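Chain residues, written in single-letter form:
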Amino acid sequence: ELKVEQNPLFLSMQEGKNYTIYCNYSTTSDRLYWYRQDPGKSLESLFVLLSNGAVKQEGRLMASLDTKARLSTLHITAAVHDLSATYFCAVRMDSNYQLIWGAGTKLIIKP
Amino acid sequence: GAGVSQSPSNKVTEKGKDVELRCDPISGHTALYWYRQSLGQGLEFLIYFQGNSAPDKSGLPSDRFSAERTGGSVSTLTIQRTQQEDSAVYLCASSVSYNEQFFGPGTRLTVL
Chain A
37 ELKVEQNPLF
47 LSMQEGKNYT
57 IYCNYSTTSD
67 RLYWYRQDPG
77 KSLESLFVLL
87 SNGAVKQEGR
97 LMASLDTKAR
107 LSTLHITAAV
117 HDLSATYFCA
127 VRMDSNYQLI
137 WGAGTKLIIK
147 P
Chain B
13 GAGVSQSPSN
23 KVTEKGKDVE
33 LRCDPISGHT
43 ALYWYRQSLG
53 QGLEFLIYFQ
63 GNSAPDKSGL
73 PSDRFSAERT
83 GGSVSTLTIQ
93 RTQQEDSAVY
103 LCASSVSYNE
113 QFFGPGTRLT
123 VL
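Heads up: the protein sequence lines correspond to chains A and B, in order. The numbering used here numbers the first residue of the first sequence as 37 and each following residue consecutively. The numbering used here numbers the first residue of the second sequence as 13 and each following residue consecutively.
Each hint should be verified, as a subset may be incorrect.
[As the list claims (entries may be wrong)] Not everything, but these chain A residues come out facing chain B in the computed CB check (under 8 Å): (1) Arg-128; (2) Trp-137; (3) Gly-140.
It should be emphasised that the hints constitute simulated quantities derived from the structure, not laboratory data. The structure presented is a predicted model; accordingly, all values stated were derived computationally and were not measured. Just so it is clear, CB atoms sit at the ideal spot from N, CA and C, and this is done for glycine as well.
Looking at chain B on its own, in the form it has when it is part of the complex (with noise of 0.2 Å):
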């Protein structure tokens, strides 16, 4: 498909698990951002990757988060030893510079 695409759409994990977010984005886009949705909440910034830039990381909450992009293409976002209070739905959105963003359908992370 031609849109943002995120995997998986529902993650189920176990406190203290690591878990793994992907998120493919619109081929040609050179920014890519990853957000934080919590329940009935407005977006919180992450970490956005720009072509060969180094990532603004100034949004992750805990060094537990994590978060690369490979080949400026596909991006992981990593969550180690996961809390409860990392439940939330996770959105990865990217743009051709400074453009609009387009979001992917986001993941929804449940940590028991």
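If we strip away everything but chain A, and leave its shape as in the complex, we get (with noise of 0.2 Å):
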């Protein structure tokens, strides 16, 4: 059974700082994606990682790929308010079309 845990589930910090979200499954898979959702709202991707050692980055947030390991990073430098919100990771059940969803991690980042 893959299951997908993610931590921290809970993560206050400054503007400005930086810091890492995980995302840990279980068992083999060929896709993670991260998602975020703002308070209220719907789900929005953020990332698709598909194979090993896969990087991408948008703005102030990196994620990271590492099959290996089956771990996922979400990176946040110099954080900024705007990225407050819910981050979720998934991962993709091998020859299936269902995601295997992570808790969530709820940021908060304080002026």
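Mind docking these for me? Both chains are given alone in their own frames, and the hints should help you get the complex.
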């Protein structure tokens, strides 16, 4: 059974600081996703990571994937208040359309 | 519009009533998913449809929940004899094959 664990589940940080959110999964998978959800809103796709060593960056967010360690990280550089949201990772089960979701990391960035 | 749409955006109902939630996926997307999200929680998978294949209903929490997808496009999630624990936001998403899922705005269901 594929399980996905995110940590931390809650993170409060100051603007300008760097931090990393971790996403571990339990069995092989060929595709990992990061999504963002603002309060009261739906989910927005951030990154799709397809292969070992994949790294993608968008603004102050950078996501990476290590399939051997079954680990993905979402790194936040010089955080700004607008990045406050809940971030979810999701992993695709091999040969299956279903995604297994992490519990989400609620990120609060204080001015 | 080009995105996934859902209706209604909000639904308040009395315990024991039936409700229908609608999802219009992005045109051309073959896969359609329903999720449930309780306040402050993650996503709970309910059901997905892929093309003409039999749907994966493994996430439906009880036989009060059912869903159909007509003509490979619009989907309706039906909850019969609603209970207070059914209160949540119901999210629909669609995708092309194994690619990323695009989410609709959700339907907030409140069962009194």
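Exercise for the section: Please flag the earlier hints that this structure goes against, numbers listed from lowest up. Expected result: Violated: none.
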